[in-house]
Each structure stands twice: as C-alpha cells, then as structure tokens.
Amino acid sequence: MTLQYHLKLSPGDVAPYVLLPGDPGRVPLVASLWEESHEVASNREYTTFTGTYRGVPISCTSTGIGCPSTAIALEELARVGATTFVRIGTCGTFQDRVHPGDMAIFDSAARYDGASRLYAPVEFPAVADHDVVEASIAAGRELGFPVHVGTTRTADAFYAMHPRPGSSFGDYWQSWWRGHFEDLKRMNVVAAEMEASVILVLARIWGLRAGGVAVVLDNVLDVSGESGEFDPNEQLVHGGDEIERLARFGSETVRILAERDAAA
Amino acid sequence: MSLQYHLQVAPGDVAPLVLLPGDPGRVEVIASLWEEARHVASRREYVTFTGMYRGVPISCTSTGIGSPSTAIALEELARVGATTFVRIGTCGSLQDRVRVGDVAIFDSAIRADGASALYAPAEYPAVAHHEVVDAAIEAASALGTPHHVGTTFSTDLFYVPEPGSAFGGYEQSAWRERYADVARTGALAAEMETGVLLVLARIWGLRAGAVALVADVAEERDETGAFDPQATFDVSAEPIERLARLGCETVRILAERDRVRSTD
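Heads up: the sequence lines are chains A and B, in that order. Residue 290 is where the first sequence ends in the working numbering, and the numbering goes up by one at each step. Residue 732 is where the second sequence ends in the working numbering, and the numbering goes up by one at each step.
Next comes chain A alone, as it looks inside the complex (with noise of 0.2 Å):
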C-alpha cells in the first residue's frame, strides 16, 4: 500500500499524531502555529500538511464535513501511520451552563451518523481514549479556557432534525424532530457536530487512540427558536480568534500527548 488513493498521501507523509479538521481552509491556518511545516497533499476535500509543533512531530489533515469522507480519511491516515488523531472543530452546545467560546472537550459521542454503523453496530461505544481525554484538560488548564468534558451528539445532517419546521428547505419537518434536542440536553448530551462518532469508533476498532475539542458557538436550542427559522450565517458566530484558539488547543493536546507517551 502506497500512495492512498483520496488523501494522495504515502508512508512518512504524516506524524503518529495528526489534528483533524473538518474545513480543508482551516489546515493551512492550523500549520501557521507550528514552529516547521510544509503542505504534503491536497485532494478533494482533503488537505494535508506535516509539521513540527514545541520539537513535536505532527500532521493536520481536512476531513471534510461528515461521517462518509472522515472515515474515508481515517482509513488513509491509518495505513499511512498514522496512530494517534484528535479532532478539532467547532460545535453547538444543548446545555445551558456552556457558554459560546467554551471549549468542549469529547469523551464519548452519540452516533447519529451512518457511517460508523457500518463498522461496528450502534450499541458499539463511540469512546474517546482516555490517554487523550486527559491530555486535552490538561492542555486546557495551561491555555486557561473555560472547557466542559462530555458527550457529543454526532449526526449526519446539519439542517434537519430541529423541533420546529424552518430548518430545513420548504419546511419539511418530521414530528420526531419535536423532542430530539430537549431529548438530548436531557441525557446530558454537550454538544453537536458532524465528525466525532466515525472518528472514536474507528479509532476503538483498530486500537488506536482518539479524541476531539471543539470551539461552541452557539446553543442550538436557543438558535433553533421560536420561529424555527435557521440562518447559519446569522446565528452561528465565527468571531476573529476562536478557530486560532481551536488551534492551539489541539496542537497543545499532541505535544502533551507525546510527552506523556515518550516518558510511559
């Protein structure tokens, strides 16, 4: 196996340890923060650059938005060597206590998604492993954000599933949608985005080591209100530092990560 066939990457085009966002724009932006980096391969949806972050080695590659073409990365970056992946990116929250510009830190995901269910059945935990969950408070603690650890709901649509028709096109509404959130911010659920699942599940299967932190901006039951009209550009607020902060986050959370692994 050489060069894969999506992400155009070979063996020792990426570090162990590789961040995972999903825009491929936010990649170069991620790289700028290390002291060394080069852009290896861009593809589809899928930009890679190689690096060193703090004497540490790392990469950063572009999932793309969704289930589908992460685990199309995943499975790439796995046979290229890659053994450690912590996604980073930006979510929505469904608890009251979890502010915009928190930072949420993933230990585990509620798999809305399709992908993952072809791997491993749905009862399967979408887990994070613990090494990196403790790695990222850690890394959280020293940076000084407010952080929040906790499960994700991961779900492979973005427009649809709010409680009131408007979110997604022409009003098209199922009633099960009703409930689904207030359903969540009951089981405690953190926050929502679109990769996490595929990736911890993955991860499990093949005995390799995941996690993820994620920028909240917004709360998705106050978002989705009474008039059930969703306007992201409106309602979901990209202010000028948070994706820089993301950034920092996780490429703080690898270097801690390979310190630990380079004293165990």
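Hints should not be assumed to be uniformly reliable.
What follows is a set of in silico ranges between Cβ atoms, one per label pair, in the way DEER data are often shown [said to hold, decoys possible]:
hint, chain 1, residue 1, chain 2, residue 2, range
1, B, 612, A, 184, 36 to 42 Å
2, A, 261, B, 590, 26 to 32 Å
3, A, 164, B, 610, 20 to 26 Å
4, A, 204, B, 511, 39 to 45 Å
5, A, 80, B, 639, 35 to 41 Å
6, A, 288, B, 637, 53 to 59 Å
7, A, 104, B, 701, 35 to 41 Å
8, B, 701, A, 62, 54 to 60 Å
Rough simulated footprint, nothing fancy, chain A against chain B, three-plus residues with beta-carbon under 8 Å [what the hints assert, rightly or not]:
hint, segment
9, 577-584
10, 594-607
11, 668-674
Just so you know, these hints were derived from the structure itself, not from any lab. Even for Gly, the Cβ is constructed at its ideal location relative to N, Cα and C.
Starting from the known structure of chain A, fit chain B onto it as the hints suggest.
Relative to the frame of chain A, chain B by itself:
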C-alpha cells in the same frame, strides 16, 4: 422521598461513593476490608453495607444479575445521595491477551442490554467518567495487578448467544459469529451490568466506572460450544479479595482527589 422501595435505604444510609458487585453474598466480603462497616439493609438481591475504608466513607450495594435489577439499584441509590458508582464484578475475556486473573477496567460498554435502551436510544454512548477510569488505573498499578483498559460487551444473556450454550442446544443463526464479531471490535470482555450503569450515571451527571476480574476466557471453550460455568469460572476467594481491594482503593483515590480539588 425517604425509604426506598426495593433497597430499603434512606438518605444518610449510604456514602457518596458506592461499590456495586452483582452478588449479594459478596457485599460482606468486601466490607470486611474496611476498618468500620455496618449492615444497612437486605431485601431481595439487594444487600447494602456502609462504613469507612482508610478514612473514606464508603458503601457497597449488590445489584443482582443483569441490567433491570441494576437500573433499580441505581435509581434508588441516587435518590438517597450516591454520586459515584464503581462496579466490581467478574467477566469473561474476549481477547487472547486478557488472561484469567487479570483485571479489566471498563471505560465504555457495548449496550447489548434492554434496560439502558429504555432510558436513552442505542446511539447514546455507555462511557465511564474519566476520573473513575484514571483512579482505577492508578489503583491497579499500585496494587501490581495486570490490567487492561477498554470496552466491555454488556449483555442481558448469560447462557447465550453462543451455539451450545443455551438449554437443549437452542440456537439462532445470527449467534454463530456473534462473539467473534464482538471480539473483532477489540472489546476486552463480556459481563452483564456495566452498560446500564454507565448510561444512567452519564444521563444524571453522576460518575461511574467499572473494574472486573477475568474469570474465564470465552475463546477457550471447546468446539462443541458446551459451556459449564461451574467447571470453567475461577471465582475463588483470593481473586475476589483482590477485586474487592481494587474497588476500595479506586474509591479511596477518587475521594482523595476530590478533596484536593475542593480545597484548590
């Protein structure tokens, strides 16, 4: 809410940190390791002792076998003030490297049970609290117990699903590769209570984890599939006492870390 219907415990009867074996007969064995212990209640399969272990208030309540009776125990323990649950039980190994006499620390569970699905859909992860996992790892390391951290297969069935295991040779075609498929996901072991424990604690914002002594190895059964737990399970006094000690030490480490954090 005062006296609980099944457990016959009232507020003040149990410590915040509770050990959960399945077998009511083991509660007294566990409490014999404490410097101080009193019998609180016995009803059906539920026996509760409360006392002090190395200066830490501690309780132990048996859950009975399986997720239904365990869910009842958790509901009633939470109502009288329990906040942290550590299951201590036995399990069967699904991996060659996990040997009889080793200890498995469960950070997550495959939810092959009925009760947890009535609280939260199957997509929801059965995941342990990272502080409990970390305390269990430290306790096992300090005690010199060979241990493995990973996922358990929590099933409502003891005598199935394996051809040759159920009475009269009853089997279903879907069982043929059931355990083999579970083993391929990397799950460490099989037992019967952890899934519902982790789901309920997570929903309620409480803490839970589980440690288990490996009592047999599913893969070592003969080709007929014949299953005689009386002959193959090693649940002699010495390993059970080691398990009890591991549970108590996990609780002690958790309580000490909680104390340090609260005085920070």
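Now the hints, each set against the structure:
1. B:612 <-> A:184: 36 to 42 Å: The hinted range 36 to 42 Å is violated for residue 612 (chain B) and residue 184 (chain A), with Cβ atoms some 50 Å apart.
2. A:261 <-> B:590: 26 to 32 Å: Once the Cβ atoms are compared, 31 Å apart, the range 26 to 32 Å for residue 590 (chain B) and residue 261 (chain A) holds.
3. A:164 <-> B:610: 20 to 26 Å: The hint (20 to 26 Å, Cβ to Cβ) holds, given that residue 164 (chain A) and residue 610 (chain B) are roughly 21 Å apart.
4. A:204 <-> B:511: 39 to 45 Å: Distance hint for residue 204 (chain A), residue 511 (chain B) holds at roughly 41 Å.
5. A:80 <-> B:639: 35 to 41 Å: Between residue 80 (chain A) and residue 639 (chain B), where Cβ atoms are some 57 Å apart, the hint is violated.
6. A:288 <-> B:637: 53 to 59 Å: Holds - the Cβ-Cβ distance for residue 288 (chain A) and residue 637 (chain B), about 54 Å, lies within 53 to 59 Å.
7. A:104 <-> B:701: 35 to 41 Å: holds (37 Å)
8. B:701 <-> A:62: 54 to 60 Å: holds (56 Å)
9. 577-584: holds (count 4)
10. 594-607: holds (count 6)
11. 668-674: The restraint on the segment 668-674 of chain B holds, since 4 of its residues have a Cβ under 8 Å from chain A and three suffice.
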